[in-house]
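Line by line, the protein sequences are chains B and P.
The first sequence lines up with residues 1 to 491 when you count with this note's numbering.
The second sequence lines up with residues 492 to 586 when you count with this note's numbering.
No wet-lab data here; the hints were simulated from the structure.
All of these numbers come straight from a predicted model, not from anything done at the bench.
Please note: incorrect hints may appear among the correct ones.
What the hints assert, rightly or not - With the Cβ distance kept under 7 Å, some of the chain B side facing chain P (calculated, not the full set):
id, residue
1, Gly198
2, Met363
3, Tyr367
What the hints assert, rightly or not - Reference excerpt, derived from the structure (chain B facing chain P, CB under 8 Å, subset only):
id, residue
4, Pro339
5, Gly355
6, Gln380
7, Arg385
8, Val482
Unchecked claim - Pulled from the structure, derived: some chain P residues nowhere near chain B, Cβ distances all over 10 Å:
id, residue
9, Asp524
10, Asp530
11, Glu541
12, Pro582
Cβ coordinates follow ideal geometry from the N, Cα and C atoms, glycine included.
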Amino acid sequence: MTIDLSSHSVRSIREGLLSKDFSAAELADAAFARIEAVDGDVHAFNATSKELAGAAAARIDAMVAAGETLPPLAGVPTAFKDNMNLVGTKTTCSSKILENYESVYDCTAVRLMLDAGAVPVGKCNMDEFAFGSSTENSAYGPTHNPWDLERVPGGSSGGSAAAVAAGEAVLSLGSDTGGSIRQPGALTGTVAMKPTYGRVSRYGVVAFASSLDQIGPFSKTVEECAETMNVICAHDVMDATSVSRPAEDFTAKLRDGVKGLRVGVVRDLLDLEGCDPKVRERVLESVESLEALGAEVGEVNLPSTQYGLPAYYIIGPAEASSNLARFDGIRYGHRAQDPTDVLDLYMRSRAEGFGPESIRRIMLGTYALSAGYYDAYYGQAQKVRTLIIRDFERAFADFDVLVTPTSPTTAFKIGEKAADPVSMYLSDVYTIPVNLAGIPAVSVPCGTVDGLPVGLQLMGTHFSESTLLRAAHAVEAASGFVPVPPMVAAL
Amino acid sequence: MAITEDQVRHVAMLARLGLDDEQIASLGVELNDILVQVDRISALDLADIEPTAHAVAQVNVTRTDEVRPCLSREDALRNAPQQQDGAFLIPKFGA
Numbered sequence: 001m002t003i004d005l006s007s008h009s010v011r012s013i014r015e016g017l018l019s020k021d022f023s024a025a026e027l028a029d030a031a032f033a034r035i036e037a038v039d040g041d042v043h044a045f046n047a048t049s050k051e052l053a054g055a056a057a058a059r060i061d062a063m064v065a066a067g068e069t070l071p072p073l074a075g076v077p078t079a080f081k082d083n084m085n086l087v088g089t090k091t092t093c094s095s096k097i098l099e100n101y102e103s104v105y106d107c108t109a110v111r112l113m114l115d116a117g118a119v120p121v122g123k124c125n126m127d128e129f130a131f132g133s134s135t136e137n138s139a140y141g142p143t144h145n146p147w148d149l150e151r152v153p154g155g156s157s158g159g160s161a162a163a164v165a166a167g168e169a170v171l172s173l174g175s176d177t178g179g180s181i182r183q184p185g186a187l188t189g190t191v192a193m194k195p196t197y198g199r200v201s202r203y204g205v206v207a208f209a210s211s212l213d214q215i216g217p218f219s220k221t222v223e224e225c226a227e228t229m230n231v232i233c234a235h236d237v238m239d240a241t242s243v244s245r246p247a248e249d250f251t252a253k254l255r256d257g258v259k260g261l262r263v264g265v266v267r268d269l270l271d272l273e274g275c276d277p278k279v280r281e282r283v284l285e286s287v288e289s290l291e292a293l294g295a296e297v298g299e300v301n302l303p304s305t306q307y308g309l310p311a312y313y314i315i316g317p318a319e320a321s322s323n324l325a326r327f328d329g330i331r332y333g334h335r336a337q338d339p340t341d342v343l344d345l346y347m348r349s350r351a352e353g354f355g356p357e358s359i360r361r362i363m364l365g366t367y368a369l370s371a372g373y374y375d376a377y378y379g380q381a382q383k384v385r386t387l388i389i390r391d392f393e394r395a396f397a398d399f400d401v402l403v404t405p406t407s408p409t410t411a412f413k414i415g416e417k418a419a420d421p422v423s424m425y426l427s428d429v430y431t432i433p434v435n436l437a438g439i440p441a442v443s444v445p446c447g448t449v450d451g452l453p454v455g456l457q458l459m460g461t462h463f464s465e466s467t468l469l470r471a472a473h474a475v476e477a478a479s480g481f482v483p484v485p486p487m488v489a490a491l
Numbered sequence: 492m493a494i495t496e497d498q499v500r501h502v503a504m505l506a507r508l509g510l511d512d513e514q515i516a517s518l519g520v521e522l523n524d525i526l527v528q529v530d531r532i533s534a535l536d537l538a539d540i541e542p543t544a545h546a547v548a549q550v551n552v553t554r555t556d557e558v559r560p561c562l563s564r565e566d567a568l569r570n571a572p573q574q575q576d577g578a579f580l581i582p583k584f585g586a
């Protein structure tokens with residue numbers, strides 16, 4: 001039988017396994033057949049993991065045969081961003097410097113997914129070390145958007161987003177430092193969540209900016225986003241920033257509706273010059289539908305967020321330049337040939353191994369942290385962070401959730417912004433303030449503009465993921481929009 | 492605060508990046524383009540504002556000092572470009 005993964009959810013897979021309509025092994029085969037068929041065009045994956053998938057599927061099928069209770073993500077074909085360690089796979093970060101790096105331990109979030117029965121199908125393409133908003137900064141070539149192969153899927157978790165959109169996986173994990181889950185979610189019509197800072201352990205994900213990084217899920221529906229959150233949100237002693245909180249069932253209140261929910265439209269962000277008026281229109285239509293369902297809608301301004309982008313382009317590179325100092329050609333990664341001494345080894349190994357955007361960010365960050373500039377740049381950016389947090393605190397006194405577009409535009413053409421870093425950085429203008437404040441946010445598809453999906457971003461105060469998912473579920477239900485890329489609809 | 496080519500060379504040395512002249516020149520232009528944006532915050536008067544290092548407050552996280560399982564020597568060396576006698580092999584220091 002032929003299984004079409006794009007029509008399957010966590011729930012339908014569970015039902016199919018229990019009623020023996022298909023086996024986990026058949027589902028894995030379907031994933032690899034789909035990858036084989038479309039990934040030459042999409043390039044969502046850097047590598048597949050057939051052996052690991054076969055073993056994981058066999059475990060699930062044995063449980064089904066023995067009549068055991070299935071774990072929550074039993075048999076679900078799942079993809080992981082290639083900055084997450086998984087023994088039996090390489091972890092390249094889409095960089096030449098880690099081209100041959102074999103994972104020697106498991107990322108906690110990946111391990112939690114596998115322990116919950118997920119079947120690992122492969123490692124997804126990304127902007128090198130997560131530096132970018134289009135997945136064009138990959139040493140292994142760009143990922144193409146399943147909605148239009150000439151366009152980017154967003155980034156940096158573009159491969160993870162495209163894999164779900166193209167029906168090559170049912171779930172995936174990405175990482176989000178300034179929007180790297182939510183923006184590709186918006187551009188590919190997938191549900192994409194950045195949890196509260198510290199909600200999900202970062203142990204085993206290659207660090208970009210340690211005060212901002214967070215792991216989160218991609219899925220086709222809000223319910224599956226909640227189901228994945230149930231699995232990955234857990235305290236981990238291996239990550240000192242991991243938060244210890246009682247386990248929460250993120251699906252429990254999903255269908256409770258939005259009656260009385262205070263929804264704040266962020267007026268000054270919505271009115272930004274760079275925002276496509278049609279994107280704005282889709283977002284406002286969704287807000288109207290929430291109002292029709294009983295939400296109390298108002299407007300709010302977040303004036304300090306105008307400084308979010310410049311603050312981020314100091315804090316991100318500064319922390320990255322420090323984190324990427326570990327790639328020195330000695331313990332792992334690319335090593336230059338015939339070094340004359342240790343300094344020569346460092347200098348050439350790093351210059352040969354890192355791509356242009358990585359070099360740009362390491363340079364910017366090193367400059368911002370160097371003697372005489374620290375206070376003017378990094379110190380000042382950390383103060384701006386305080387201002388942005390205060391703006392959010394004021395807004396959350398009046399509102400339960402805040403709404404903006406996730407991205408100011410729909411997916412842009414491959415190459416369109418590649419030569420202009422500053423214009424590329426602008427694609428994260430709505431997502432960056434969330435990382436700076438450490439709050440959670442979710443991007444949910446809310447319609448299309450000229451045949452391309454639009455994402456609506458819902459932001460809430462720390463640890464308010466349940467409320468965000470409830471609001472996202474209402475947006476999803478009210479819009480009646482089922483995001484199906486043409487290449488999937490043609491199946 | 493425009494960054495000069497000499498500064499770009501100095502920063503490249505601090506970052507241990509052996510860049511060629513062409514890269515140094517283009518990075519000078521690109522970094523200045525980005526720093527123009529960043530200068531919007533340098534101009535703000537934030538003398539009375541406390542900096543934020545982490546957005547979610549954390550107390551120190553410690554654990555008892557006891558031996559626990561960790562990476563084996565073999566795993567730690569598995570990705571080493573060069574190794575010898577169970578150790579990372581490096582070239583000599585200094586000229």
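Verification of the supplied hints:
1. Gly198: Holds - the Cβ of Gly198/B comes within 7 Å of chain P, reaching about 5 Å at its closest.
2. Met363: holds, 6 Å
3. Tyr367: holds, 5 Å
4. Pro339: Hint holds; Pro339/B Cβ to chain P Cβ min 5 Å, cut 8 Å.
5. Gly355: violated, 12 Å
6. Gln380: Check passed: Cβ of Gln380/B comes within 5 Å of chain P, closer than 8 Å.
7. Arg385: With a minimum Cβ separation of about 4 Å from chain P (threshold 8 Å), the hint on Arg385/B holds.
8. Val482: Because about 35 Å separates Val482/B from the closest Cβ in chain P, which is outside the 8 Å limit, the hint is violated.
9. Asp524: At roughly 6 Å from the nearest Cβ of chain B, Asp524/P sits no farther out than 10 Å, so the non-interface label is violated.
10. Asp530: violated, 8 Å
11. Glu541: violated, 6 Å
12. Pro582: Answer for Pro582/P: violated, closest chain B Cβ roughly 5 Å.
When held up to the earlier numbered hints, the structure conflicts with 5, 8, 9, 10, 11, 12 and fits the remainder.
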